[in-house]
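Asks: Make one complex out of these two single chains by using the hints.
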Amino acid sequence: MPTAKKDFQTPGVIFQPATTRGMQQGINTVLNAVAPTLGPLPRFVAIERIAMRDSMPERLDSGGTIARRIIQIQGRDADVGAMFIRNVLYTLQEKIGDGTATAGVLFQSIFNESLHYLSAGGSAMRLRYFLDEAVPLIQSELDRMTMRLKGKKQLSGLAATITNDSELANYLGEIFDIIGEYGRLELRNGRTRAIEREYIEGIFWEDGVHSREMIFDKTEMRTNFEDPYIVISDIEVKEPEEIVPLLELAVKHDIKNILMICNGFSDRALGLVLLKPNLERVKICAVKTPEIAMTERIGALEDIAVMTGGQLLSSTAGDTFTSIQFEHLGRARRAWATSDNFGIVGGKGNARKLREHIATLRKGFASLEDAEDRKKVLKRLGKLMGGAATLWIGDSTPNAVEARKELAERAAEAMRGAIRDGVVPGGGVALLNCAALLRQSIPGMTDPDQIAAYRILTRALEAPMRTLIRNGGGDLDEIMAEIKQAGPGYGYDVVKREVVKMSDAQIFDVVSVVKEALYAAINGASLALTTDVIIHRKNPPESLATTS
Amino acid sequence: MTDETSSTQDFIYCLAATAGFGLGQPAACFAARNAGLFRSDDHGQTWYDATTSLQLSQAVAATAVALPHDFERYHTVLAGMAGGLLRSVDGGKTWSVPPVPTPPPMVTALVLSPSFSSDGIALAGTMEDGVLTTSDSGYSWASWNFGLLDLTVLCLAISPAFRADETVFAGTETGIFRSTNGGRAWREIELPIGYEPVISLAVSPAYQDDHTLYAGTDTQGILVSHDEGDSWARLGEHFHGEPVNNILISPDYALTRALVALSSGQAWISRDEGTSWSQLWSDLSEAGLEISALFTPAGFESGQPAFLGLYGGEIRQITFP
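These protein sequences, in sequence, are chains A and B.
Position one of the first sequence corresponds to residue 0 (numbering that gives the first Met the number 0), numbered consecutively onward.
Position one of the second sequence corresponds to residue 0 (numbering that gives the first Met the number 0), numbered consecutively onward.
Please keep in mind that the hints were generated in silico from the structure rather than gathered at the bench.
Cβ atoms here follow ideal geometry from the backbone N, Cα and C, with glycine treated the same way.
A few chain B positions that, by computed beta-carbon distances, are all more than 10 Å from chain A:
no., residue
1, Asp-48
2, Pro-204
3, Ala-232
4, Ala-297
5, Ser-301
Reference listing, derived: stretches of chain B covered by chain A, where coverage requires no fewer than 3 residues with Cβ under 8 Å from a Cβ of chain A:
no., region
6, 121-132
7, 140-153
8, 181-190
Only chain B is shown next, with the shape it has when bound in the complex (with noise of 0.2 Å):
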């Protein structure tokens, strides 16, 4: 990473690029920082304050960053801050500040429907205030909370069927909750974990026919679900202690079955469903170099590239072995 602000207090929350981004393609990727929001044009290889034209005086917390799969025909980018949401509809170049219910909330994580560019339906997981749901691309946002007893939203998963199933799930500090009519009203889910912390999940690619996903917790490892989140095994003993900060679902999880998760600032790969796992970049770790954020273009397999964010600030590509 080539811009100046990258410090060992900085921290990098998450990466969102557009397709063909580390693929030698025309491609922007955006990354959440402490430092704010940050873009690079030029795969990673220089990257810039992706918001100066809001001219601010002080570096603003990004905490989430989301952009629809057609972005390169719908220009949108969302992005939450602490203190609200940033709304882009020229790609990133000028920003606007929809309004959002007071007092100003601190945003977690950001997701778009698989049809954002026709539905406009996103949502915004939040520190204390829920989950607020916007339904005209980002320009209001709403909360309405209906049954989520925990208003501590650590993340937030969509159905890649959302437009049929109207499915998300949030992870809070007390488990996971499911929404079925898409953000309107949540349902507790049951965890052979009690009431603890659930801090990244990751929906089944082929989610309408494997109705699979997963969770990451903060004590108790990573747990699993077939079917759609109404029962849950845990998955060994591996991440057992540890925060599971990220999971991800290679695109092709149907054939590959692999996961990629984020734990205590290393890497980890399974290509059994999350029976086994291996690390991944040891040699970061031996380096004393730790990732917080991780970008992957085009899947798990051997060879193709991977952006890691590390703690401090730096983003680095690097293949996966």
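Just chain A, same shape as in the assembly (with noise of 0.2 Å):
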């Protein structure tokens, strides 16, 4: 069969200049998309949709999706860098959930100036070098200025300041309160125009009873055991006689509920189980393994089985119910079970190797880069902490229900890392701090690229803060002027159009954010700045090559 190709551009090898000159205006034209995004009072970018195309464009004011949703732009040099920069703002906004627009706004500022640095000569390597040196300084100071928010007023300020939005952020600070860093939120789209919140207590799967015969409530549809046995697996349940071990481990230590955790129960088992001698002495309610992908799943029962002091009893490791224990069971206080969910309250596992399980899993989770897995590992410890809240969030139409949805799930990640490591004063005000203290080190400095990149990232420093204003249409001379005469710790509250205390008026940016945003705009920048030469490909890899 005769194989077509795409009319893929030549190959080709650029120097430079032609290499920094593409790469600049692919950057900029993306940063330039991205800068106005920046602050409380942004301008939103609209983007052309695909499909259906006399819908309304969708509009973004997330630096990080507006730098996915270009997928390419005009002119190969350019769309090289413009590949770049989207990469290092879609890659921390996976990390970290914030940040973009600072990051795009320092990464503009110190790739432009260092061009025209190098453009007089200059060395790029050294001046990378200087440039990457200086960030354990600024973050050192940024570690120095960063203090802990507390209490609802001081997380819904922050979440303000996060998602400009009075109502959610109200609510995402009561909740951020209650919850904590590690705590488990759902984010579900509103049944009415306004935002609701629910608490749930204990632990609960969306995973129901395998049979509805096993809802012993009827009129409640539900099941609920007090002071239950668990039984934790993700066996299969075929024959009858499979069953039968359990039963008479129920009558020998006079257990009256089971909650079975189990892959499958089949009808004849369930007919056993159902058999009313059988029901007068123990009710068993078999619920669905938690998860689907098999490490997951494991992960689940595992916590399960440390949460209710119990044994996991694993297919895989060839475990049948004939053979089961009364050590193998675990115990609460309360379960119960729907057709869609099944949860467990008051867990009566070790309590001491519940806090060493959650210690080891948040300690790897400390350690993970990857946000898939960061999001695996916040989920079980979210059910661990023994409750959940969920925000059901609406709006007038569709598409504003799904973009609050996005800025309060980038809100929620971003308010996790509040609470986890800090705050420092927001609006640009802790990175403009950071400024003062390297200009006042340049004067002991006598290479002339040390000198160069310390300048550069004073200006850098300086440009959020800038930006930000500029964004709010304020005058910028004079609002500068106005907060260097006020003092440290004092910027521009934008929304308000006055010069302010930060930390009074409770705009906070959260620390782990500023210091990635900053890592990733002078490590990016710094790559950016080291490229020479840039190849074009022919053809793309085989297996993206299309057939007819």
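Replies: What follows is the structure, given as structure tokens:
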């Protein structure tokens, strides 16, 4: 069969100065689209729809998402630059959920100012060395400014800074005051135009009973067990004989209620446990093993085992119900199940083991880089904290609901970081304070590349505040002069249009977000500056070749 | 003690009294005991069963009792029992059994908000159900243990500035948890002793200024924090290996720096923030009597009265040496 290949551009090797010219054009194109979104009064970016072109364009104010939507720009060299910065911003968003506009503004300033210096004969590699050298200095200054947020009011203030949505911010402040950095928050599409929240005690999974016959409270359509025993497994019950040892165990130990987590429960086995004489002795409610992917499933079952003090019976380890022992059973104060969910309240496992287990998961979480892996561990940690919050997000149109939900997701991620790592004065004030520190250290330097690097960074660290004021429609020079006169800690409240002490005005930035944004910007700009050659490829990889 | 129920098996968990008790003014004291909830209206001369109006077929152990500081005006008494709670709004004459989450909890500790008469907030620690809270003066109770990873609560302590800071501490079998939102959510506190049981807690009366609290452990002595529980230091080796069952802080702690601790049936006093300790009423331990509960109506100065709950159920009035 003949293979028709798409008309890809011709291959080529691009050298300086075309490399830098192209990269700069692409980088600035993307960053000029991102910069207007910085701050509480952002301008929006409208993204043309690929399908349904007559519908409303997608309106975005998230730098990372905007960058991700740009999948190609005109000019091959410029496209390389655009894809470079796209990757920097989107990776940052995946990692910490916020800070992409700040990173973009910092990146743009460092990159463009550095190119000026390099065109005057500076060394790119030495400049990169000194730019990287300044990172720990700035980060330690940020650490020095870090403070902890306490209570609903302060957390709501932070949420308001991130979302510029007072209703959403109030709910997020209340929720994170309760669930903390590792707590479980479910974001769902609202049932009305308003935002609603709900708290659920205990741990629950989105897996329900194997058969509605096992729902014992037919009025509430729910099974409620007090002081139940819990079987924790991913084994499938096929034959009634397999369940007999468990029934015998129940009779022997006078067990009245069993929540049985298993991968399947046959009708014949169901017939046995629902026999009236058996039901009078013990009620068994079989629920589906949570999670689908094997590693997540085993993780969930391990968590239940630690929480309830039971032992996991694993099909992969060759365990069966015929050899079940009393010590395999977990215990809890309460358990419940419906056709869609089951939950456990007050697991009776060893609290010390549970806390050690959680500490191990937290340690693992802190060292994970991959966003998906972090999400999985966070989900487990959230469940183990013993409760969950659900935020039902409403708005006027489905698009608005989606946008608000995405905003809530980003804010939630940033708030977890804020509780975990602390906050610094917001509105670009923290970075402005760092600029003052760098400026002070320049007079003692003799190396021209070092001096240039520190001057470039000094200007870059002022850029977020300048952009923020510009985006808010303020008079840049007048306001900057007023801020400098007011002293450290003061900045511009873009919404109220006045110079304020940021901590008094509850305007904060998450320190980990600022640090990551700073690192992404300096590291990314350094890499871009030391890129000398672009190679354009003739064909895409074989696997992407299309056939007719 | 002059009731007829004291026996070698009886145990006094706690004593709670209205202002003026032991000081010659009309006042009442409640004793939470294995034999039930008892009351004295004559400064401890005689005691009687405070729950006779319930007409219980058998004695139910009372494990905790708490009164608001303005009891004379408000008349509410809350008591923790084996299997639930009791509430009286007429000073203990009649009682109601408020609904609690099932299965029935075993209450281990009770604390009331300093503004209980206006906010109606109280918290009850339980053996297996974490902390139950009420915000309607004990009429209804709910469990909300978000972040409380250990549901075996052995003691509670509430900030004197609770109205402003909403801070509560819970001592559990694996350490201390802190809530800064009135018990709606809890956070672990890292201790230098690892996951060890904390069986008593005491918050400084000047907590909003000195941010100080003490924790008595099962085997690791006493710990102190001067920053609201963020960091802790061990207080010498005095009680090492011995359970510190109760810690009381002098009402004028800011001036006297005085503490009293109950450990292994003996009472100890420190007048230097817990650095050094001397035994109180050593003649009691020489006579083989062990103290399980202590109530001090007027501080720890010499000559001030103290009420001791002794193993076996006797309650004895004594003065500070």
